[in-house]
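Asker: As you go down the protein sequences, you meet chains A and B in turn. Numbering (the numbering used here) for the first sequence: 692 to 1266. Numbering (the numbering used here) for the second sequence: 123 to 467.
These are computed hints drawn from the structure, not numbers from a lab. Accuracy of the hints is not assured; some may be wrong.
Derived pair list, reagent style DSBU-like, types lysine-lysine, alpha-carbon separation capped at 30 Å [to be verified]:
| no. | chain 1 | residue 1 | chain 2 | residue 2 |
| --- | --- | --- | --- | --- |
| 1 | B | K203 | A | K1194 |
| 2 | A | K1194 | B | K160 |
| 3 | A | K809 | A | K798 |
| 4 | A | K1191 | B | K270 |
| 5 | A | K975 | B | K160 |
| 6 | A | K1087 | A | K855 |
| 7 | A | K762 | A | K800 |
| 8 | A | K794 | A | K809 |
| 9 | B | K444 | B | K288 |
| 10 | B | K203 | B | K314 |
| 11 | A | K1191 | B | K207 |
| 12 | B | K275 | B | K299 |
| 13 | B | K161 | A | K1194 |
| 14 | B | K444 | B | K232 |
| 15 | B | K270 | B | K306 |
| 16 | A | K1081 | A | K928 |
| 17 | A | K1154 | A | K1087 |
| 18 | B | K161 | A | K975 |
| 19 | B | K232 | B | K277 |
| 20 | B | K161 | B | K203 |
| 21 | B | K207 | A | K1194 |
| 22 | B | K232 | B | K245 |
| 23 | A | K1080 | A | K1014 |
| 24 | B | K313 | B | K232 |
| 25 | A | K928 | A | K762 |
| 26 | B | K313 | B | K299 |
| 27 | B | K232 | B | K299 |
| 28 | A | K1191 | B | K203 |
| 29 | A | K1191 | B | K161 |
| 30 | B | K245 | B | K261 |
Derived list of chain B stretches under chain A, where covered just means 3 residues or more per stretch with a C-beta under 8 Å from a C-beta of chain A [to be verified]:
| no. | region |
| --- | --- |
| 31 | 182-192 |
| 32 | 416-424 |
In this text, a Cβ means the ideal position worked out from N, Cα and C, and glycines have one as well.
Below, each chain spelled out in residue letters.
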Amino acid sequence: MIKVSGVPYFLCRHFRILEDLPDVQYSENIAIENARLLMEGSLDVALIPVYEFAADGGYIGLDFGVASYEKSEILYLCSNCPAESLEKVYAYQDSSASSLLFKIMVKQKWNNNPRLVKSRFKRKAEEVGPKEGILARYEGPATDFENFEYRYDLGKEWYNLTGKPHIYLIWAARPGVLSSKELRMLHDTMHKGVKACGKIARANAEVFDCSPEETERFIEGNFCFKFDDQVLEGLTKQLQLTSEHNLTPEVDYNHAFISLLEQEPCGLAKLHEEDVLHTLLHGKRLSIRDTHTLFESNNIAQIAAVASTRSAKVNPGVSLRLKLSTSELEDILIDKPLIKDLNSRALDRICIDSESIAEELDYYEDLIVRTSKILTCKLECFSTGSLIKKIRAEDKSVSKTAARLAACGLSSVGPDSEMPYTQISSERFGVSVDEVLRIHKWLHSYNISTYCCVPGNEALSLKELVSHLYQLRYLQDFTRGSSWLVLEPFKNRNVSIDLKFIKRSAIAALFMDNITTTAIYLRDTSELASSIQLASFVNEIFIDTSLNSLESSNEIRDYFSSFIEQEVAPRVLTA
Amino acid sequence: MGKLAKVGIFKGQKAPVRNILKESGITWFDGVSRVALKKFGLDSIAQALATGTTLTVPQIKLLIDRASLPALMMLVETVRKEDIKNLPRPIISIPAITWLNDLGFAGALKNASTLFESIGPNKEFQVYIEDLDIFDLNKLESFLAALKEIFPKSKFMTPSLGEIVKQLTPVAAKSAKGFEEQLKDFLSLIKKVGFDRILGSNDRLGLEIIGGAGFPIIVRTLIDRYENSSLLARELYNLNKCAADHNVIGWIPGYESMMTGLRPNASTDFRLLRTLAIGSVVLRNVPFYRATSAYFTIEGVKLSFMFGANDFGFGAFNTEAKHALNLQSIDELSRAISDAEIFHD
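Please put together the full structure from these sequences, using the hints given.
Answerer: Here's what the structure looks like:
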């Protein structure tokens, strides 16, 4: 049974559709109570305040909740004086999200510092002092402001300040509790509920002193229940401001809005590294917090050993990949003897270089079609970053491009070794994280494989690295479309391996538990280092070759195949 | 997971329990190690190591045949003796006998002193007498004595026992004394003349003779001499037993074919690193496990610490040493080791 809890606000009534789902035990509580129950493990999915989502963290956000666009018409600061002069404000008991919004406005706009006092009773103007006010939440469009002279729609104040929507509540799930199928089921159902929210609002218009039309307009005009990119931008801004003003307790991330709690409802104490490794040996998933714990550890041999217990389940292999420029490929396609030769060589795939030539997508599609008809091995082209830029430059649709490439016969899109999937990408590479993840999703939906890379950039902070991996893992949970986890070596170092690299690679392999193949490129490292990694927790080695070095690369492939047969295969797990 | 404490106080500071136990000489496998080793099928070996029981031949064979690299690295880390490391030392090769014959005592002393001075003051170094003639040892006594007085940190080394035996064999039959006795006599003379060491021996049987003459014993195991893992396992077992009786101070895994032209490469490095790891776990009666550039590539030496090496041998100071002993230069070796990281706990 999945334990789901909504909130009993009118605005959230359309989410009650969830109680119709089989295997769902639906209830309702105030949002802050939901947050407590979710943290303690009594709930699996709940609608919780954004403050709790950010502060206690660790949840998967379901892209649904409650957000306001340009105004809210339900959430007000009502006072007897201008906001800049306030000394005390009474807030209703479960006012977590609105309190946070109020505090942000106070710091960002009103430059004030009134005391915020929780109160069970809604006070009128005459019941508070001249420099006092109240936070009020209304179920529907507010009309009666309790005689207060000054009224501030907090949703509107936020929008005027930032130009972005404000999120109050988020549907959050405890990580690892739901399968991707269950998450999808919840998503689909919430989507249906959201589509029907106008109808539900009309049906319940008698709650307010409004016509059904006005009620529907109020709901659909002011609020958003399915988060789009704009809403998520607003969320990022919200969390950024709460962090800047120290309005949340210390979290693992300043900018990300997802971190993970332990799955057991046993409190928030940090696990010792041994306990973390122990849980991993028993098949549990590595959380972000525990990932940080492992990165702090010096027990690298143990971490590598635990990582290898997972990778040893997959038979290791060697892939020979032929890199060709478009002109080389064009020449091959008219060379019958060479075609025959290449088809006989058991190449893993042909990687078409798309960086060095500024051809349009149509050209590549045509090339891929012609190649797939003649050459038998798989085809790879572009990297995620370069594909996004081409799509953008040609003003094409991501989904259609992915569909067309799949129809042409493209098997995979190459790795982005330089580009971590964090905010860095936006600034340095001109590609946003959302774009990257979206294109991955579309490629996966058309069975085009992609790579998850552990970037070799040492300047990348630990938080950024883990954030990067987390997003890839989350996507992979849904789509299962990435076929390889590629470990990039550190740049600007000698071509061997060292303990820091082993630790990082082992932890990345443990974290990305939903990708079975961990791979390295031979070009990036020495033969000895590759051998050691193959014998440890790497189970595929990519050998890049060109037309001129095909013979020598074949020999290298044979060497590693023999190495695997003699040194790796005999030493498998017994249990 | 257990309720065992994971952190304690040692020497006034907070430290992980496994460090405290290791410093106290106790081999202890925590819960994670035991579970992981069980998955690798090595729990009986962990049990034996934890109780200080000598590993049996079948257990050593299991390590050779079945232990994965990460499991070996974990075993190495658990049994590693802390704070014992021999960094690379320079070694110079000189044709002492030739110099003495051609240049006389003064000329030979001058040549040697000039060379030794370029190593730098107060540095420990080894001197290999590349043209040692066991029938001409007396010439060397005063020469070595003079050099040791000028360079007190120098130590002198002869070729291996095998080479000495090769020199002795043609003439040994002419004597009434048995071969072994003659060999012992020569070794005593070598010691008296002022030599400090004999180059590492392949022969376990010669250990007693070398030890009996008062020389430190360093043994080489040339893995390509053993046709299968059973034979290698037996050799390591016997070596460990022997080491308890004969004060073996060091062990070197190597390849016999490298003496006849095979160059160290990734494949030999990998096998030697595995053997090194196994040796450092099995040979509990030997304090030093050497990764020498005579058998490893520079990269292999650099990575060897992770596989149990705590002695990085010698680096050639002059070209003659490079050729005579098949070693990399001391500069390159020192650079590789200083770049290498070590396990910390």
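Asker: So, for every hint listed, does it hold in this structure?
Answerer: Structure-based check of all given hints:
At most 30 Å may separate the alpha-carbon atoms for a hinted pair to count; B/K203 and A/K1194 meet this at roughly 22 Å. Between the alpha carbons of A/K1194 and B/K160 the distance comes to roughly 22 Å, so the proposed pair stays at or under 30 Å and holds. The hinted pair formed by A/K809 and A/K798 meets the criterion: a straight-line CA distance of about 19 Å does not exceed 30 Å. Restraint check for A/K1191 and B/K270: not satisfied, since their Cα atoms lie roughly 44 Å apart, outside the 30 Å limit.
With a C-alpha separation of about 18 Å, the suggested pairing of A/K975 with B/K160 holds against the 30 Å cut-off. A hinted pair counts as satisfied when its Cα atoms are at most 30 Å apart, and A/K1087 with A/K855 qualifies at roughly 27 Å. Restraint check: the Cα-Cα separation between A/K762 and A/K800 comes to about 17 Å, which is no more than 30 Å; the hinted pair holds. Note on A/K794 and A/K809: the hinted pairing holds, with a Cα-Cα distance of about 14 Å set against a maximum of 30 Å.
At roughly 22 Å between alpha-carbon atoms, B/K444 and B/K288 fall within 30 Å of each other, so this suggested pair holds. A distance of roughly 34 Å separates the Cα atoms of B/K203 and B/K314; the hinted pair therefore is violated under the 30 Å criterion. The straight-line distance between the Cα atoms of A/K1191 and B/K207 is roughly 21 Å, inside the 30 Å bound, and the hint therefore holds. At most 30 Å may separate the alpha-carbon atoms for a hinted pair to count; B/K275 and B/K299 exceed this at roughly 37 Å.
About 21 Å separates the Cα atoms of B/K161 and A/K1194, which keeps this hinted pair within 30 Å; it holds. A C-alpha spacing of about 22 Å is found between B/K444 and B/K232, which places the hinted pair at or below 30 Å, so the restraint holds. Simply put, B/K270 and B/K306 have alpha-carbon atoms about 24 Å apart, close enough for the 30 Å limit, and the pair holds. Between A/K1081 and A/K928 the alpha-carbon distance is near 29 Å, which keeps this suggested pair within the 30 Å criterion.
For the hint pairing A/K1154 with A/K1087, the CA-to-CA distance comes to about 34 Å; that exceeds 30 Å, so the pair is violated. For the hint linking B/K161 to A/K975, the alpha-carbon distance of about 16 Å falls within 30 Å, and the restraint holds. For the hint linking B/K232 to B/K277, the alpha-carbon distance of about 18 Å falls within 30 Å, and the restraint holds. The hinted pair formed by B/K161 and B/K203 meets the criterion: a straight-line CA distance of about 25 Å does not exceed 30 Å.
The hinted pair formed by B/K207 and A/K1194 meets the criterion: a straight-line CA distance of about 23 Å does not exceed 30 Å. Among the hinted pairs, B/K232 with B/K245 is consistent with the structure: their alpha-carbon atoms are about 19 Å apart, no more than 30 Å. Simply put, A/K1080 and A/K1014 have alpha-carbon atoms about 21 Å apart, close enough for the 30 Å limit, and the pair holds. Restraint check: the Cα-Cα separation between B/K313 and B/K232 comes to about 24 Å, which is no more than 30 Å; the hinted pair holds.
Simply put, A/K928 and A/K762 have alpha-carbon atoms about 17 Å apart, close enough for the 30 Å limit, and the pair holds. Straight-line distance between C-alpha atoms of B/K313 and B/K299 comes to about 20 Å, which keeps the hinted pair within the 30 Å bound. Note on B/K232 and B/K299: the hinted pairing is violated, with a Cα-Cα distance of about 39 Å set against a maximum of 30 Å. Proximity of A/K1191 to B/K203 is assessed by CA-CA distance (about 22 Å); at most 30 Å being required, the pair is judged to hold.
For the proposed pair A/K1191 and B/K161, the alpha carbon gap of about 25 Å is at most 30 Å, so the pair holds. At roughly 26 Å between alpha-carbon atoms, B/K245 and B/K261 fall within 30 Å of each other, so this suggested pair holds. Given as covered by chain A, the region 182-192 of chain B passes the check, having 6 residues with a CB less than 8 Å from a CB of that chain where 3 are the minimum. A stretch counts as covered by a chain when three or more of its residues have a beta carbon under 8 Å from one of that chain; for the region 416-424 of chain B and chain A the count is 4, and the coverage holds.
Checked against the numbered hints given earlier, the structure breaks hints 4, 10, 12, 17 and 27 and satisfies all the rest.
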